[in-house]
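S.K.: Sequence:
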Amino acid sequence: MYVKGVNATTLDDVRAASNTSKSQLYNHFPDREELVRAVVAARAAQVLERERGYLQRLKSFRGLVRWRDALVQRNALQNGAYGCGLGSMASELADQDDQARATLAESFMEWEGLLAAGLRRMRESGTLRPDADPAKLATGLMAALQGGYLLAETAHDIKPMEIALDMALDHVKSLLTA
1 MYVKGVNATT LDDVRAASNT SKSQLYNHFP DREELVRAVV AARAAQVLER
51 ERGYLQRLKS FRGLVRWRDA LVQRNALQNG AYGCGLGSMA SELADQDDQA
101 RATLAESFME WEGLLAAGLR RMRESGTLRP DADPAKLATG LMAALQGGYL
151 LAETAHDIKP MEIALDMALD HVKSLLTA
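Okay, so the sequence shown: first residue is 1 according to the UniProt record's numbering, each after it adds one.
You can take every hint at face value.
DSS-like mimics (lysine-lysine), calculated; alpha carbons at most 27 angstroms apart, straight line:
#	residue 1	residue 2
1	K4	K22
2	K159	K136
3	K4	K159
4	K136	K173
5	K173	K159
DEER-style ranges, computed between Cβ atoms:
#	residue 1	residue 2	range
6	A178	K4	46 to 54 angstroms
7	L77	K22	27 to 35 angstroms
8	K4	R101	13 to 21 angstroms
9	A178	R15	56 to 64 angstroms
10	E110	D166	18 to 26 angstroms
11	I163	L11	35 to 43 angstroms
12	E110	S21	30 to 38 angstroms
13	S125	R50	18 to 26 angstroms
For the record, the hints were derived by calculation from the structure and aren't laboratory data. From the three backbone atoms N, C-alpha and C, an ideal C-beta is built for every residue, glycine too.
Please model the complete structure; the sequences and the hints are all you need to start from.
M.R.: This is how it looks when you write it as structure tokens:
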């Protein structure tokens, strides 16, 4: 579903990839919607676990740069193809499945919250100016990231993602105290 997209992936594709029979598949998932929701939940858990590793202790601008570098490097391995594992599913499912959309929305909120918490720690330590708004900066970083993923996906080139993230980080840098 990550490579082909949710809507283009058939149950036969899933069976072939998982080496399961139809009865095995239906034993775990009564219908395609339940399978898609399970994939959304599993992918969200993967992404958030990875992001927690980078962002839970974020407290410096250098930490933000390391986070950016890791995202770009991971996407470079695919030449920018496929986009964000959550963003791609969100664009396909937002108007089709309210439960999947809600799971994705909660996941994006948690991801953005991790960024905001790190930015708050930077502000509290005096690294970020007191007038900097961590919540707004986190939203801007997420918007730059997701837009960067989308442009990299369509171009099959990570350069647009790098540019979008660098511009967002430049704004954060302009709010540093030193």
